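Number of protein chains: 2
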Amino acid sequence: ASTVALDAKEQKEEKVETGSAGGVAAGGGGSDEKAIVSYWGISPGKVTKEDGSEWRWSCFRPWETYKANVEIDLEKHHVPVTFLDKVALWTVKSLRYPTDLFFQRRYGCRAMMLETVAAVPGMVGGMLLHFKSLRRFEHSGGWIKALLEEAENERMHLMTFMEVAKPKWYERALVFAVQGVFFNAYFLGYLVSPKFAHRVTGYLEEEAIHSYTEFLKELDEGRIENVPAPAIAVDYWRLPQDATLRDVVVVVRADEAHHRDVNHFASDIHYQGHELKESPAPLGYH
Amino acid sequence: ASTVALDAKEQKEEKVETGSAGGVAAGGGGSDEKAIVSYWGISPGKVTKEDGSEWRWSCFRPWETYKANVEIDLEKHHVPVTFLDKVALWTVKSLRYPTDLFFQRRYGCRAMMLETVAAVPGMVGGMLLHFKSLRRFEHSGGWIKALLEEAENERMHLMTFMEVAKPKWYERALVFAVQGVFFNAYFLGYLVSPKFAHRVTGYLEEEAIHSYTEFLKELDEGRIENVPAPAIAVDYWRLPQDATLRDVVVVVRADEAHHRDVNHFASDIHYQGHELKESPAPLGYH
Ligand SMILES: [Fe+2]
Ligand SMILES: [Fe+2]
Ligand SMILES: [Fe+2]
Ligand SMILES: [Fe+2]
Numbered sequence: 001a002s003t004v005a006l007d008a009k010e011q012k013e014e015k016v017e018t019g020s021a022g023g024v025a026a027g028g029g030g031s032d033e034k035a036i037v038s039y040w041g042i043s044p045g046k047v048t049k050e051d052g053s054e055w056r057w058s059c060f061r062p063w064e065t066y067k068a069n070v071e072i073d074l075e076k077h078h079v080p081v082t083f084l085d086k087v088a089l090w091t092v093k094s095l096r097y098p099t100d101l102f103f104q105r106r107y108g109c110r111a112m113m114l115e116t117v118a119a120v121p122g123m124v125g126g127m128l129l130h131f132k133s134l135r136r137f138e139h140s141g142g143w144i145k146a147l148l149e150e151a152e153n154e155r156m157h158l159m160t161f162m163e164v165a166k167p168k169w170y171e172r173a174l175v176f177a178v179q180g181v182f183f184n185a186y187f188l189g190y191l192v193s194p195k196f197a198h199r200v201t202g203y204l205e206e207e208a209i210h211s212y213t214e215f216l217k218e219l220d221e222g223r224i225e226n227v228p229a230p231a232i233a234v235d236y237w238r239l240p241q242d243a244t245l246r247d248v249v250v251v252v253r254a255d256e257a258h259h260r261d262v263n264h265f266a267s268d269i270h271y272q273g274h275e276l277k278e279s280p281a282p283l284g285y286h
Numbered sequence: 287a288s289t290v291a292l293d294a295k296e297q298k299e300e301k302v303e304t305g306s307a308g309g310v311a312a313g314g315g316g317s318d319e320k321a322i323v324s325y326w327g328i329s330p331g332k333v334t335k336e337d338g339s340e341w342r343w344s345c346f347r348p349w350e351t352y353k354a355n356v357e358i359d360l361e362k363h364h365v366p367v368t369f370l371d372k373v374a375l376w377t378v379k380s381l382r383y384p385t386d387l388f389f390q391r392r393y394g395c396r397a398m399m400l401e402t403v404a405a406v407p408g409m410v411g412g413m414l415l416h417f418k419s420l421r422r423f424e425h426s427g428g429w430i431k432a433l434l435e436e437a438e439n440e441r442m443h444l445m446t447f448m449e450v451a452k453p454k455w456y457e458r459a460l461v462f463a464v465q466g467v468f469f470n471a472y473f474l475g476y477l478v479s480p481k482f483a484h485r486v487t488g489y490l491e492e493e494a495i496h497s498y499t500e501f502l503k504e505l506d507e508g509r510i511e512n513v514p515a516p517a518i519a520v521d522y523w524r525l526p527q528d529a530t531l532r533d534v535v536v537v538v539r540a541d542e543a544h545h546r547d548v549n550h551f552a553s554d555i556h557y558q559g560h561e562l563k564e565s566p567a568p569l570g571y572h
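Chains as they are written, first to last, in our numbering: chain P, 1 to 286; chain X, 287 to 572.
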């Protein structure tokens, strides 16, 4: 059963066939109407919500949605003990001044930009643990997945906030530059000292909590309009249909508190002379 | 609620407390009895199987297990059309000779070693799409997750085969070197031409199918002993309790056929001038 790329005419025929046989239609919603043809038997499948209506997101699925635990302690702070802890805290604090200066009180925009950075550590850590697991023929204790889940959760934060605040061209350029620097720095940092890297991320999450608390103040004082929650957020966090931006910020902040716990915990494991794989990872810790 | 690292005495007290309060015990199964202490409120949670017995794996969870679709067409082959396709096929074919030479007919060992390589493309592709999604403020269409799922599935292949064939020191050294080269090559390759990268992976998977078919021949002709399936494989692919190595090789081969489809399909999407995100990803395509 060999297959080769079809020419235009055959493609057209295939398009009709695949209506029932598992073809994949372009789902970009752009102006390009051309269907993507496949004989690889791959069908994305019909996904429905609990109420039977069609699931409209392809970037996440119903079984990845959850109700955030907003009861989590938002004040918890890891008091730096070792020199390395202090360097980690100082690193994060010193990054805050330029951020404050740049964004001032535009918290929607700030949230969006910060999420492009927040999604880096989980992906880098998860990837490095994956390659370590392969090299050493060792189980990961679930930490690869836990860190990748964190990265995905942060990406969902970004997908949410970009519905509320559209990035300007110079902000896109800034994200490009910051990602290049931060990816490489975190990659090297994690290779050299995972305990330091997780501590930095823990403190970053503490700052994120602070930032979202300020965001809520602005909303409550009416300086930022409490618009309806984006549809993607309603589906992802299982929010009520009439949820607002305020509700979204509350659940996102709860997520950050969970990331804080996971990363400080991961750092603690290293500090206690263990490897992450020795302690089962907190999968699905929301 | 500030927390600092506890000293040894306090740690001991904490250890008792956390028995019920969500502390995490070392799960490495090594000789080190010291529990890992946490005040981060993180508990891995009790996970049970369908029959109520305790789930014993922390590197994967019951809801990630599946029954492989062994009906899949194993013969499908993408006949190279363009020059790039031919380079991709030639690259893979030329890698086969040294592999054949090195492993000869030791298919168990070969499978184990090849899985350390096979788990690279999905992770690299998923990571690069993740960072692209962040940089461009764009949805991924589920492809990040689909590629990361592939990487995880390959890692499970490795975790399975390493139960059957223990790597020797020079094989470990080889894996180290090959991973270093292949990670960087695939990273750069994916950045320059994702359609080429996915095509290479598609052909790699075709070779993997071939290799597992040879493995089955050796088993059927009695040259490799058909030992009982490793416990991890029985749980991951929902195999019967009396499953054998042969059953494992059959489901792994089916997985490779699915990876082949996904990667050739991804390459086709690029060839047709689209981006992956325009076509919903085949999540959970096993
Ligand atoms: Fe976030
Ligand atoms: Fe976070
Ligand atoms: Fe594999
Ligand atoms: Fe594969």
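Worth double-checking, as some hints may not be accurate.
What the hints assert, rightly or not - 35 Å max Cα-Cα, derived DSBU-like pairs, lysine-lysine:
no.: 1; chain 1: P; residue 1: K67; chain 2: X; residue 2: K503
no.: 2; chain 1: X; residue 1: K454; chain 2: P; residue 2: K132
no.: 3; chain 1: X; residue 1: K418; chain 2: P; residue 2: K46
no.: 4; chain 1: P; residue 1: K168; chain 2: X; residue 2: K481
no.: 5; chain 1: P; residue 1: K195; chain 2: X; residue 2: K452
no.: 6; chain 1: X; residue 1: K454; chain 2: P; residue 2: K166
no.: 7; chain 1: X; residue 1: K452; chain 2: X; residue 2: K379
no.: 8; chain 1: X; residue 1: K454; chain 2: P; residue 2: K195
no.: 9; chain 1: X; residue 1: K454; chain 2: P; residue 2: K76
no.: 10; chain 1: P; residue 1: K132; chain 2: X; residue 2: K503
no.: 11; chain 1: P; residue 1: K76; chain 2: X; residue 2: K418
no.: 12; chain 1: P; residue 1: K49; chain 2: X; residue 2: K452
no.: 13; chain 1: X; residue 1: K452; chain 2: P; residue 2: K217
no.: 14; chain 1: P; residue 1: K168; chain 2: X; residue 2: K503
no.: 15; chain 1: X; residue 1: K362; chain 2: X; residue 2: K372
no.: 16; chain 1: P; residue 1: K67; chain 2: X; residue 2: K332
no.: 17; chain 1: P; residue 1: K49; chain 2: X; residue 2: K353
no.: 18; chain 1: P; residue 1: K46; chain 2: X; residue 2: K481
no.: 19; chain 1: X; residue 1: K353; chain 2: X; residue 2: K481
no.: 20; chain 1: X; residue 1: K503; chain 2: P; residue 2: K195
no.: 21; chain 1: P; residue 1: K132; chain 2: X; residue 2: K362
no.: 22; chain 1: P; residue 1: K93; chain 2: X; residue 2: K418
no.: 23; chain 1: P; residue 1: K166; chain 2: P; residue 2: K217
no.: 24; chain 1: P; residue 1: K49; chain 2: X; residue 2: K481
no.: 25; chain 1: X; residue 1: K335; chain 2: P; residue 2: K195
no.: 26; chain 1: P; residue 1: K132; chain 2: X; residue 2: K481
no.: 27; chain 1: P; residue 1: K67; chain 2: P; residue 2: K195
no.: 28; chain 1: X; residue 1: K353; chain 2: X; residue 2: K503
no.: 29; chain 1: P; residue 1: K46; chain 2: X; residue 2: K335
no.: 30; chain 1: P; residue 1: K132; chain 2: X; residue 2: K418
Claimed, not checked - Away from chain P, derived, C-beta distances all over 12 Å, residues of chain X:
no.: 31; residue: S339
no.: 32; residue: H364
no.: 33; residue: R382
no.: 34; residue: S419
no.: 35; residue: S426
no.: 36; residue: A471
no.: 37; residue: V478
no.: 38; residue: S497
no.: 39; residue: L502
no.: 40; residue: K503
The set of hints was computed from the structure by calculation and includes no laboratory data.
The model shown is predicted, which means the values in this text are computed figures rather than measured ones.
Beta carbons are placed, not taken as given, at the ideal position from N, Cα and C, and that holds for glycine.
Looking back at the hints listed earlier, which ones does the structure fail to meet? 1, 6, 9, 12, 13, 14, 20, 32, 34 and 35
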